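*Asks:* For reference, the chains in residue letters:
Number of protein chains: 2
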Amino acid sequence: MRVFIVHAHHEPKSFNGAMTETAVAALAAAGHEVILSDLYRMGFDPVSDRRNFTTVKDATYLKQQAEESFAHQHQGFAPQIATELEKLFWCEALIFQFPLWWFGLPAILKGWVDRVFALGAVYGGGRRYDNGVLAGRRAMCALTTGGAATSYGENGINGEIGSLLYPINHGIFAFTGFTVIEPFVVYGPARLTEMERVSELARYRARLLTLAEAPSLMYRRLEEYDEGGVLRVGRPEARAVSRS
Amino acid sequence: MRVFIVHAHHEPKSFNGAMTETAVAALAAAGHEVILSDLYRMGFDPVSDRRNFTTVKDATYLKQQAEESFAHQHQGFAPQIATELEKLFWCEALIFQFPLWWFGLPAILKGWVDRVFALGAVYGGGRRYDNGVLAGRRAMCALTTGGAATSYGENGINGEIGSLLYPINHGIFAFTGFTVIEPFVVYGPARLTEMERVSELARYRARLLTLAEAPSLMYRRLEEYDEGGVLRVGRPEARAVSRS
Numbered sequence: 005m006r007v008f009i010v011h012a013h014h015e016p017k018s019f020n021g022a023m024t025e026t027a028v029a030a031l032a033a034a035g036h037e038v039i040l041s042d043l044y045r046m047g048f049d050p051v052s053d054r055r056n057f058t059t060v061k062d063a064t065y066l067k068q069q070a071e072e073s074f075a076h077q078h079q080g081f082a083p084q085i086a087t088e089l090e091k092l093f094w095c096e097a098l099i100f101q102f103p104l105w106w107f108g109l110p111a112i113l114k115g116w117v118d119r120v121f122a123l124g125a126v127y128g129g130g131r132r133y134d135n136g137v138l139a140g141r142r143a144m145c146a147l148t149t150g151g152a153a154t155s156y157g158e159n160g161i162n163g164e165i166g167s168l169l170y171p172i173n174h175g176i177f178a179f180t181g182f183t184v185i186e187p188f189v190v191y192g193p194a195r196l197t198e199m200e201r202v203s204e205l206a207r208y209r210a211r212l213l214t215l216a217e218a219p220s221l222m223y224r225r226l227e228e229y230d231e232g233g234v235l236r237v238g239r240p241e242a243r244a245v246s247r248s
Numbered sequence: 005m006r007v008f009i010v011h012a013h014h015e016p017k018s019f020n021g022a023m024t025e026t027a028v029a030a031l032a033a034a035g036h037e038v039i040l041s042d043l044y045r046m047g048f049d050p051v052s053d054r055r056n057f058t059t060v061k062d063a064t065y066l067k068q069q070a071e072e073s074f075a076h077q078h079q080g081f082a083p084q085i086a087t088e089l090e091k092l093f094w095c096e097a098l099i100f101q102f103p104l105w106w107f108g109l110p111a112i113l114k115g116w117v118d119r120v121f122a123l124g125a126v127y128g129g130g131r132r133y134d135n136g137v138l139a140g141r142r143a144m145c146a147l148t149t150g151g152a153a154t155s156y157g158e159n160g161i162n163g164e165i166g167s168l169l170y171p172i173n174h175g176i177f178a179f180t181g182f183t184v185i186e187p188f189v190v191y192g193p194a195r196l197t198e199m200e201r202v203s204e205l206a207r208y209r210a211r212l213l214t215l216a217e218a219p220s221l222m223y224r225r226l227e228e229y230d231e232g233g234v235l236r237v238g239r240p241e242a243r244a245v246s247r248s
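In order, the protein sequence lines correspond to chains Y and Z.
So for the first sequence, our numbering puts the first residue at 5; every next one is plus one.
So for the second sequence, our numbering puts the first residue at 5; every next one is plus one.
Don't take every hint at face value.
It does not matter which identical chain is used: a pair holds within one copy or between any two.
[Said to hold, decoys possible] Once the Cα atoms are required to be at most 30 Å apart in a straight line, the calculated DSBU-like pairs of lysine-lysine come out as:
(1) Lys61 - Lys17
(2) Lys67 - Lys17
(3) Lys17 - Lys91
(4) Lys61 - Lys91
In case anyone wonders, no lab produced these hints; they're calculated from the structure.
It should be emphasised that the depicted structure is a prediction, and the values quoted were computed from it without experimental measurement.
I would like the entire structure built from these sequences, with the hints used as guidance.
*Replies:* Below, the structure written as structure tokens:
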């Protein structure tokens, strides 16, 4: 399997660093191919605007999606974006490795999505959700939290982890066609003992070696919605549920 | 009222630009004070790491929260961060003005939160949620979407807008103590007629002039949770609901 890890932590000796190190080693040892974008090490710039392009469609008004579509048609992505797009289309499995910062992606990773997931290249023309450009590929969030698991449970004060990740799993991964693997979460690694940390890395290694068949989240299909994007049968939208 | 608008759009002539222009003019005309951080115009850097600080607590291992706490104790925030913190503590109402990008905040705004909402300064030592440092102040998302309102409704294909904004409203605003004003959403301004756009701006003006009493989202109180962050009574956590 071809695996692309987008890593968003500034400290190589962090637990996130250990997770990615584990992933690269375990996947390679099992014969998989791995590409890593270590965003902090690359000095990745997460700000999205005209810097994404070498082409200009309209110099008087910046409409990002129109520029993206134009750049896609005219090979006009800036080298940094073009390279990430190549990695994205190369991979069969995409992993976002990050610490949960303010209940979401660190800006450096959010901006990687803002800039790389360009109209024309990754979606557009009706290509979304199960009809998405990246359909057939798998994607997974691998993350750490500051708080304990209980605080991210169904009755947790911080909100259920699935609700917090919904904009990422559904809005970024599923929207572009990915099959969304259940997130791999390590809760509060800073408070774990050394043995517990080793155990968590072993658990992660096991997940990595079953990426191709690991349980995925289930979402409704595009055809279940009308042209206004409303569910035809009128039932409340199903939350993401595990496929057993 | 002292209002602080954090604006995250790269095109001044955009509808987001018009919303902020409307806000600044309407609030000033009504006698309110307004400060604007126009992140793209400021060239705000959203990447969070040692660049946030002039002080160093541990040069061998970057633990962001420890550095934040240390910087808070020793006036060690980088000038760009210190200035934003001053604006934050000056304001009585905070507005995030942004286009919904990939179902969340544009990276430049997410990074503003990652960097400015520092441990010690904005939370920590048990100060969170209704006991938060910023309690007594109000905050609101003002945003635009690409898709139609129907697609963000209860049965909408893109997910209910409240679910998408939950990590922001609950995780960023409520976590730090803000009273969270119901979000102000303009759906698909690009597809509106000129008259509809004018009408939406008038609707926004009306909201702005009632910021102090506009309906807010209701969240549970800190005391309802045990030390593990689990709801004491065991009922499923209530979703954000409107206070009538």
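*Asks:* Hint by hint, say whether it matches the structure.
*Replies:* A quick look at each hint next to the structure:
1. Lys61 - Lys17: between (44 Å within a copy, 16 Å between copies)
2. Lys67 - Lys17: Answer is between: at 10 Å across copies they meet the 30 Å cutoff, but 40 Å inside does not.
3. Lys17 - Lys91: within (25 Å within a copy, 34 Å between copies)
4. Lys61 - Lys91: within (26 Å within a copy, 37 Å between copies)
Consistency with the previously given hints is maintained throughout, with no hint failing.
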